Amino acid sequence: MRRRQPDFATDPVAFETFHRRHVDAVTRFLARRVDDPHTVADLVAEVFLAVLDSAHTYRPGLGSEIGWLYGVARDTLSAERRRAVKQSRLTDRVGGRRQLDSDDLARLEERIDAERHARQAVPAMAGLPGGERAVLELVVVDRLTVTEAAAALGIRPGAAKMRMHRARRSLQASPLVTEGSTA
Amino acid sequence: MSLEERILQELKAEVAARADRRRRARTARRLFAGAAAAGLAAAAAIAVPLLTGTERPAYALSRNPDGSIRVQIIEFRDPDRLEADLARHGVRADVTYLEPGTGCANALDGGGPAPEDKERLSADPEEWIVRPGDDDGHVVLIDPRDLKPGWTVVLRFGADPGSDRAMLGWTVVDGPAPECDVVRVPEPASGT
Numbered sequence: 001m002r003r004r005q006p007d008f009a010t011d012p013v014a015f016e017t018f019h020r021r022h023v024d025a026v027t028r029f030l031a032r033r034v035d036d037p038h039t040v041a042d043l044v045a046e047v048f049l050a051v052l053d054s055a056h057t058y059r060p061g062l063g064s065e066i067g068w069l070y071g072v073a074r075d076t077l078s079a080e081r082r083r084a085v086k087q088s089r090l091t092d093r094v095g096g097r098r099q100l101d102s103d104d105l106a107r108l109e110e111r112i113d114a115e116r117h118a119r120q121a122v123p124a125m126a127g128l129p130g131g132e133r134a135v136l137e138l139v140v141v142d143r144l145t146v147t148e149a150a151a152a153l154g155i156r157p158g159a160a161k162m163r164m165h166r167a168r169r170s171l172q173a174s175p176l177v178t179e180g181s182t183a
Numbered sequence: 001m002s003l004e005e006r007i008l009q010e011l012k013a014e015v016a017a018r019a020d021r022r023r024r025a026r027t028a029r030r031l032f033a034g035a036a037a038a039g040l041a042a043a044a045a046i047a048v049p050l051l052t053g054t055e056r057p058a059y060a061l062s063r064n065p066d067g068s069i070r071v072q073i074i075e076f077r078d079p080d081r082l083e084a085d086l087a088r089h090g091v092r093a094d095v096t097y098l099e100p101g102t103g104c105a106n107a108l109d110g111g112g113p114a115p116e117d118k119e120r121l122s123a124d125p126e127e128w129i130v131r132p133g134d135d136d137g138h139v140v141l142i143d144p145r146d147l148k149p150g151w152t153v154v155l156r157f158g159a160d161p162g163s164d165r166a167m168l169g170w171t172v173v174d175g176p177a178p179e180c181d182v183v184r185v186p187e188p189a190s191g192t
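Chains as they are written, first to last, in my numbering: chain G, 1 to 183; chain P, 1 to 192.
Isolated chain G (complex conformation):
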C-alpha cells in the first residue's frame, strides 16, 4: 500500500512553508557544487520538483528533514550530470535557461562566492570510494551530522559512522577533514 504523502507534497500552502524553510539551504548546497548561477537556479527548481516526486520516501523523524532533502538534492544533481539533453518540467524558461534579472544574478553569485572554499573541498575528496566520499561530503562540506548524512543516503547511522571513520583515516593529511561534526 502506498504511504500517505506528507502535507508539503499535497498542499500548496504547506509546500510554501517547506520551500521557504529550506530554499536557502538547498541553494547553498548546490552552490557548493556548481559555480554557474543559471545552473544553480535551474537545479533549485528541479530539486523542489524532485521533492514532490520523492515525497513518498519521506519518513518524519528519520534523520531530519534537511538530511532527506539533501539526499533528494544529491540525486537531482547526479541525474542532471548524467543527462545529456536538458529539459525542465517547469515553465519559467526560455531557450533551456531560466530567465534571471540582474538582482537574481547578483544574489546567486554572492552565494556561489560565499561557498567557494567548500566547493574546493569537494574535489579534494575525489580519491575516496564513492560511499565514503558521500558521507564525508555531507558531513564536512554540508555540515550535516552523521545521522542526518545517513538519512540523506538512505543508510543506517552505524554504516555512515563506519564510512566516516574510514574516510578520515584515508584523508588524515587533509586539513579540510578536521572540520565538521561527527555528532
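Bear in mind the hints are in silico, worked out from the structure with no lab data behind them. These numbers were taken from a predicted model, which means no experiment stands behind them. Be aware that a few hints might be false.
As the list claims (entries may be wrong) - Below, computed lysine to aspartate or glutamate pairings styled on DMTMM-like, alpha-carbon distance capped at 20 Å:
| hint | chain 1 | residue 1 | chain 2 | residue 2 |
| --- | --- | --- | --- | --- |
| 1 | P | Lys-148 | P | Glu-99 |
| 2 | P | Lys-12 | G | Asp-24 |
| 3 | P | Lys-12 | G | Asp-7 |
| 4 | P | Lys-148 | P | Asp-20 |
| 5 | P | Lys-12 | G | Glu-16 |
| 6 | P | Lys-148 | P | Glu-75 |
| 7 | P | Lys-12 | G | Asp-53 |
| 8 | P | Lys-12 | G | Asp-11 |
Chain G is already provided as a structure; the job is to place chain P on it using the hints.
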C-alpha cells in the same frame, strides 16, 4: 518578482495540479470498483442529463491521433446511430440506454474475451478497450486496436440511483451482444 518567488509560484501550481490529479484518480477507482456488482466489466459515472428533449446532437464522435475513438455523450438518444457510427470506425458496438430505475436482467459474464485477455485488460485501466476519456465523465474512449475480430463492445448507460448522473457499464463479448432483458431494479438501501 524575484527568481525565488517565481520558482515558488510555479512549484505551488504543480503541487495543486498533482493533488487534483490524485483526487480524480481516486474517484475514478471508486467508480470502477462498483462495477463488479452490476455484472459488467467496469462502470463509470458520466455527467449526462438523462432526458432534455432538445434537438442538440445526442453525441459527438471523433478519432484521436493515437487511433482511439472518442465518444462524447450529450444525451441518451439515438443508440442505433451511435452503433452505426462506431461500426464505420471498425467497432461493433451494442449501445443500450436504460430508463431510470431499470436495468438488464442478464449479466454480461458469458462468452467474453479469453481469460488471459480479461486479466490483462482489467489489470491496467490505461489498457482497457473502453475507458473514461475525461475527468468529468462525459467522454468514453474506445480503443479498437485491442479488439479482436468478432468481438462486440457492449455499452449500457443507465441512471445512477440517487443522483441526476448516469452510469456507464461496459464490457466486451466474443460474438454478438446478448439482448438486454429490461427489468425494474430496486433502489439500493444505502447511498452507495
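Going down the list of hints, with the structure as the test:
1. Lys-148/P to Glu-99/P: violated (31 Å)
2. Lys-12/P to Asp-24/G: holds (17 Å)
3. Lys-12/P to Asp-7/G: Cα-Cα ~13 Å, so holds.
4. Lys-148/P to Asp-20/P: violated (36 Å)
5. Lys-12/P to Glu-16/G: Holds: Lys-12/P and Glu-16/G sit about 7 Å apart, inside 20 Å.
6. Lys-148/P to Glu-75/P: This hinted pair is violated, its Cα atoms lying about 29 Å apart.
7. Lys-12/P to Asp-53/G: holds (14 Å)
8. Lys-12/P to Asp-11/G: Cα-Cα ~8 Å, so holds.
When the structure is compared with the earlier hints, violations turn up for hints 1, 4, 6 and for no others.
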